[in-house]
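Residue numbers (our numbering), protein chains in the order written: chain X, 1 to 371; chain E, 1001 to 1122.
Among the hints, erroneous ones may be present.
[What the hints assert, rightly or not] Here are some of the chain X residues that sit facing chain E, going by a computed Cβ distance under 7 Å:
#1 Pro129
#2 Ala136
#3 Pro148
#4 Met169
#5 Gln170
#6 Ala171
#7 Asp174
#8 Asn186
#9 Gly219
#10 Leu318
[Unchecked claim] In silico EDC-like cross-links for lysine to aspartate or glutamate, where the CA-CA straight-line distance does not exceed 16 Å:
#11 X:Lys150 with E:Glu1004
#12 E:Lys1049 with X:Glu332
#13 E:Lys1091 with E:Glu1004
FYI, nobody ran anything at the bench for these hints, they're computed from the structure. Glycine included, every Cβ here is placed at the ideal spot set by N, Cα and C.
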Amino acid sequence: MINTEIAIVGGGPAGLAAAIEAASAGAQVTVIDENSRPGGQLFKQIHKFFGSKAHLAGVRGFEIGNRMLRQIQDLRVNVCLDSVVYALADGNTLAVVKQGQTVEVRAEKMIVATGASENVINFPGWTLPGVIGAGAAQTMINVHRVLPGKRVLMIGSGNVGLIVSYQLMQAGADVVALVEALPKINGYGVHAAKIRRAGVPILVSHTVREVQGKENVAGAVVVRLDERFRHVPGSEQFFAVDTVCMAVGLSPLSELCRLLGCQFTYLPEMGGFVPLHDANMETSVPGLYVAGDLTGVEEASTAMEEGRLAGVSAAVALGYLDSAQAEVRKEEIRIRLENLRSGPFGEGRNTAKQVIIQRYQGICSQAGKEA
Amino acid sequence: MRVEDHAILGKMPEPQWVEFEFDGQTLQAIEGEPIAAALLAHGINIFRKTPKTGQPRGIFCAIGRCNDCVMTVNGVPNVRTCVEPVKAGMKVQSQIGNGQFPELAHPGEEAAKQDNQGGCRG
């Protein structure tokens, strides 16, 4: 049995930020992560982050990761690696398989920051070896330093599709084209411009009709889409590639929150089902907080701010910060979050996050009426 | 193919090379890298065949979520090779179908044998 004041499930950007805030306030923190190293997907982000100086704009993702790991070490946060949470043993005890052994982790407060996983789209040949997630390609080139293929077709022109295409080129692969079903490029102009400057076409209103190959990918047939997303006959183009990457969105990894009894809402613009939470990131289960992509797919920078908010909130609930001090801290974080969620790309996310909080308040007042 | 020199990440640190076995072939790998990364570095991306129709599969997510990359490692089937580190002398096999535990091909029989020997249930 491990006893801790705050258990954090998931050691990615959100979980680590939560741990740093809570431990800085004086709380005893245990981070549980199923991987053999902490950092989540931060170490494959080799591009410079956006935002302001407070968001570490201009610093590359993996450098932010290294800074956070140093802080975690300095604050003596207990990090359990190769550790999978598989059940709730009772109200405040998690059942964990830690390095092959079952252990229980009893915590007064819990923060779940399990992140998100990549979506897929289906077409003939989508299961062939060589059809991979864009995130998989990014992990292979930037973390393991291995090229998954030499000639790549990218599906999706959101930020993941744009950034990973550029990073594949940096690693020495030949990206032949990006296809985008929507009639416009879906990510930031600054990322798209790098792709176009490199001479790689971004084919909007196009999709993959099929991937060909016997044992692995030999090529892809790309087809134009009309305004109702139907294939335009006669518009087929063949690309000889050995790899097809999918960057078609992510879905929150919400299984654990389901298991823990959180109430959910459905917001397609945030990736699907997300747990309801209040302005302090606390869910419908008292003492259980959430942060990061699990609460709606955004970016590492927003995940870190949400993690900080959850970390401060959990520390306050344990009596570690006086409430006036904590309110100042939380307000600073909320302002930074709002800044990250502004502009044409951020406003939709800002609105969706407000909806989550409103629906949370809705179930609270409903419960109040029933009681 | 390995990304030896990189504009942002610089040169690859001097690796600790180890040998492992893939379907009877001896291959080199960097100690501790995932099995899947070592295989991809050798241009191998077919890891298994599906149980019903024998279709080829390889990696998809590379972060231990999708289970597409499972292989038989040191006789144990269904190991996620994208997160399992390579160790010297490891035996990695393409997995055909669901795979089999060689020692426990019939776990039911094994349990019955234990019972007959007057095991824990007396």
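Here is how each hint holds up against the structure:
no. : hint                     : verdict
1   : Pro129                   : holds (3 Å)
2   : Ala136                   : holds (3 Å)
3   : Pro148                   : holds (6 Å)
4   : Met169                   : violated (10 Å)
5   : Gln170                   : holds (6 Å)
6   : Ala171                   : holds (5 Å)
7   : Asp174                   : violated (12 Å)
8   : Asn186                   : violated (21 Å)
9   : Gly219                   : violated (15 Å)
10  : Leu318                   : violated (32 Å)
11  : X:Lys150 with E:Glu1004  : holds (15 Å)
12  : E:Lys1049 with X:Glu332  : violated (53 Å)
13  : E:Lys1091 with E:Glu1004 : violated (26 Å)
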